[in-house]
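Chains Z and E supply the protein sequences, listed in that same order.
Here the first sequence is numbered in this note's numbering, starting from 20 and rising by one per residue.
Here the second sequence is numbered in this note's numbering, starting from 119 and rising by one per residue.
Don't read these hints as lab results, they were simulated from the structure.
If you're wondering where the values come from, they're calculated on a predicted model, not measured in any experiment.
Check the hints yourself; a few may be wrong.
As the list claims (entries may be wrong) - One side of the interface only, derived from the structure: several residues of chain Z facing chain E at Cβ under 8 Å: (1) Asp75; (2) Ala78; (3) Pro97; (4) Ala127; (5) Pro178; (6) Ala199; (7) Gly200.
To be verified - In silico negatives: residues of chain E with every beta carbon more than 10 Å from chain Z: (8) Ala163; (9) Gly185; (10) Met216; (11) Gly217; (12) Glu255; (13) Lys375; (14) Leu377; (15) Gln500.
Every residue, glycine too, gets a C-beta built ideally from N, C-alpha and C.
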Amino acid sequence: MNRYTQMFDRLSTCGEGAFGAFLMLGDPDPSTSLALLDAAVAGGADMIEVGIPFSDPIADGPVIQAAAVRALDMGVTPEVCFEILASFRARHPRIPVGLLTYANLVLARGRESFYRRCAAAGIDSVLVADVPAREAEPFAGSAIDHGVDPVLIAATNTPPETLRRVAALSRGYVYCVSRAGVTGTDRQMELDHGGLFSTLAEAGAPPAVLGFGISQPGHVRAGLEAGAAGVISGSAIVRRVAEAREPIEAVRDFVRTMKAATQKEVARDRVAV
Amino acid sequence: MLMSGRFGAYGGTYVPEILMPALTELEAAFVEAQKDESFQAELAALLAKYAGRPTPLTRCRNLGPAGVRLYLKREDLLHGGAHKTNQVLAQALLAKRMGKTRLIAETGAGQHGVATALAGALFGLQTKVYMGAHDVERQKLNVFRMRLMGAEVIPVESGGKTLKDAVNEALRDWTASFTDTHYLLGTVAGPHPFPIMVREFQRVIGKEARAQVIEEEGRLPDAVIACVGGGSNAMGIFADFIEDEGVRLIGVEAAGKGLDGSEHGATILRGRPGVLHGAETYVLQDEDGQISDSWSVSAGLDYPAVGPEHAFLKDSGRAEYVGATDQEALDAFALLARSEGIVCAFESAHALAHALKLAKAAAEGTVLVVNISGRGDKDMEQAQRLLEFGA
Numbered sequence: 020m021n022r023y024t025q026m027f028d029r030l031s032t033c034g035e036g037a038f039g040a041f042l043m044l045g046d047p048d049p050s051t052s053l054a055l056l057d058a059a060v061a062g063g064a065d066m067i068e069v070g071i072p073f074s075d076p077i078a079d080g081p082v083i084q085a086a087a088v089r090a091l092d093m094g095v096t097p098e099v100c101f102e103i104l105a106s107f108r109a110r111h112p113r114i115p116v117g118l119l120t121y122a123n124l125v126l127a128r129g130r131e132s133f134y135r136r137c138a139a140a141g142i143d144s145v146l147v148a149d150v151p152a153r154e155a156e157p158f159a160g161s162a163i164d165h166g167v168d169p170v171l172i173a174a175t176n177t178p179p180e181t182l183r184r185v186a187a188l189s190r191g192y193v194y195c196v197s198r199a200g201v202t203g204t205d206r207q208m209e210l211d212h213g214g215l216f217s218t219l220a221e222a223g224a225p226p227a228v229l230g231f232g233i234s235q236p237g238h239v240r241a242g243l244e245a246g247a248a249g250v251i252s253g254s255a256i257v258r259r260v261a262e263a264r265e266p267i268e269a270v271r272d273f274v275r276t277m278k279a280a281t282q283k284e285v286a287r288d289r290v291a292v
Numbered sequence: 119m120l121m122s123g124r125f126g127a128y129g130g131t132y133v134p135e136i137l138m139p140a141l142t143e144l145e146a147a148f149v150e151a152q153k154d155e156s157f158q159a160e161l162a163a164l165l166a167k168y169a170g171r172p173t174p175l176t177r178c179r180n181l182g183p184a185g186v187r188l189y190l191k192r193e194d195l196l197h198g199g200a201h202k203t204n205q206v207l208a209q210a211l212l213a214k215r216m217g218k219t220r221l222i223a224e225t226g227a228g229q230h231g232v233a234t235a236l237a238g239a240l241f242g243l244q245t246k247v248y249m250g251a252h253d254v255e256r257q258k259l260n261v262f263r264m265r266l267m268g269a270e271v272i273p274v275e276s277g278g279k280t281l282k283d284a285v286n287e288a289l290r291d292w293t294a295s296f297t298d299t300h301y302l303l304g305t306v307a308g309p310h311p312f313p314i315m316v317r318e319f320q321r322v323i324g325k326e327a328r329a330q331v332i333e334e335e336g337r338l339p340d341a342v343i344a345c346v347g348g349g350s351n352a353m354g355i356f357a358d359f360i361e362d363e364g365v366r367l368i369g370v371e372a373a374g375k376g377l378d379g380s381e382h383g384a385t386i387l388r389g390r391p392g393v394l395h396g397a398e399t400y401v402l403q404d405e406d407g408q409i410s411d412s413w414s415v416s417a418g419l420d421y422p423a424v425g426p427e428h429a430f431l432k433d434s435g436r437a438e439y440v441g442a443t444d445q446e447a448l449d450a451f452a453l454l455a456r457s458e459g460i461v462c463a464f465e466s467a468h469a470l471a472h473a474l475k476l477a478k479a480a481a482e483g484t485v486l487v488v489n490i491s492g493r494g495d496k497d498m499e500q501a502q503r504l505l506e507f508g509a
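I would like the entire structure built from these sequences, with the hints used as guidance.
Listed below in structure tokens is the structure:
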């Protein structure tokens, strides 16, 4: 069974939401990057999201841009990223791993070759940030051919007919964005999801996972209460890689705090105390 | 969306999903405006009475070999100093129609930034211009002009600090601001509908030039030559000649310090297909797909992608693409000034440099039209240094 399906089944049995931790591969260097992925798992992340550093990441805010620059300066190539992930997969056979990347990195290698390499590295899903539903068919097709789940983005301003297309093309989960702008914590998540989750669910989409602007436990709880099956935190984690004195411990502890907020009963008990 | 947004395999809308409604809204507004006589009349009046159209087609008196008839399409005489004003006025009118209150733009040489700033002032739209920090440095005069007209200029410190990085930043701004903001993209690049829309708003250059050259010569020219960075002045002058099969269309890219090295902006000559800034097109990139930093003495040609329609015209063979080096452009720039009393932009000097090469080998009676896309005021400081005239 698909790792995402297993994860969502397991979490729904125990009444939890999924917490996804995003890290930039190769940041600040390949071996620390692998240790940071381990730290996210140790902190309790249910799913791991990773970026391949790209020179022109138009969907990313300053924190993730800076991480990409650090990795590129270390000479991190897509091949180095695949090797990091293959090592990670050997140590963690069950956790779902999703790749967030940009179209030019896929096309430069060739779509077929790219998705084949993803499958070989144990990657479960690929989201191409600058490929909207309108352009997604050939990408989704190649992904599925190689046993990789295509993940598309759905935003609160996405019209219903596009949401239905997103639902039809996505596997694994749908990456939902509930506010405008690029990745980052400058803007908090906004709670006006409109009909996003219900339209996706009605169209038979895989579970909705909310990202962009999630940097505090309160955001996690709010996202889950609004109807998301999980949340992803990116810039808040990557910032700790850049700024913390002990990045590995800082990432582990932050993930632990955020993960705790997905455990609804536990969270409520704590509030009651 | 209403149109395919493709030129053969090129073009498309490679943007985050969150921007798609903004592109859909813009496409609808553009299609409607093209059919709306009141919009067309208002634009025509602005182009004539504010911007100074039609621009002349000047036959060179002294430049080029005797027997070759070398014509210059004088976009340098347009208000704002370059062809950019044509399409900026049109897009600003569209922005008003869409109820937007704010303009954002990227700029390389600063010409598009200046044009956007003047439109912002004219239409009362708040204007923010992203400009690579390196370009801010080498185009100080244009930075001042923009600020004088009330625009805010934001130096972009990421990447190579040139046009590519300014586009990234403008796109990021737009993903957060599209509700009240129009992204006034400056060239025929970017996601659909920008490449088609900007071409249509620049088509006036070729429409005029075609009629003017026929009036002068009683026939079509043998070749039309324009510089290509993003490619808007070239698409503007090419568009009405595309059906004229006997007319060679030649795009001149920045060969910078030479096509054999990495310091150039020759995207079509040295790049390969990829995706940058929302479109599938030729891109300067490394083996892995990381975008390369381009180079040119002219900031306006210092861009590692190119409008997708140029990629299509290249593959279909309808247009030819060649390069001119920094040095060749500087030589042509100086020669034009001395022989005709015209100071053109460094960008346009690339087109002229190739035209002069062509003219040397051309048969008696050959008619060439070169698009002088902008004037050289902005380049004076750099020219002084590079041509060693002394300050």
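Would the hint on glycine 200(Z) be counted as holding, given a Cβ-Cβ threshold of 8 Å to chain E?
Interface hint status for glycine 200(Z): holds (3 Å vs cutoff 8 Å).
Nearest-CB test (10 Å) between chain Z and glycine 185(E):
For glycine 185(E), whose nearest Cβ neighbour in chain Z is about 48 Å away, the distance exceeds 10 Å, so it holds.
Double-check alanine 199(Z) for me: the hint is only fine if its C-beta lies closer than 8 Å to a C-beta in chain E.
Since chain E brings a Cβ to about 5 Å from alanine 199(Z), closer than 8 Å, the hint holds.
For glutamine 500(E), which was marked as not at the interface, is the minimum beta-carbon distance to chain Z over 10 Å?
holds (27 Å)
Holds or violated: is there a CB of chain E closer than 8 Å to the CB of alanine 78(Z)?
holds (5 Å)
Taking the closest Cβ pair, is alanine 127(Z) under 8 Å from chain E?
holds (3 Å)
Minimum C-beta separation from glycine 217(E) to chain Z exceeding 10 Å: can you confirm that?
holds (16 Å)
So, aspartate 75(Z) near chain E? Judge it on the closest CB pair being under 8 Å.
For aspartate 75(Z), the interface hint holds, since the closest Cβ of chain E sits about 5 Å away, which is under 8 Å.
Under 8 Å is the threshold here; is the Cβ of proline 97(Z) close enough to any Cβ of chain E for the hint to stand?
holds (5 Å)
Holds or violated: is the Cβ of alanine 163(E) farther than 10 Å from all Cβ atoms of chain Z?
holds (35 Å)
Per-residue hint verdict: proline 178(Z), partner chain E, C-beta under 8 Å:
holds (7 Å)
Is it correct that the beta-carbon of leucine 377(E) has no partner in chain Z closer than or equal to 10 Å?
Label holds. Min Cβ-Cβ 21 Å, cutoff 10 Å.
In this structure, none of the earlier numbered hints is contradicted; all agree with it.
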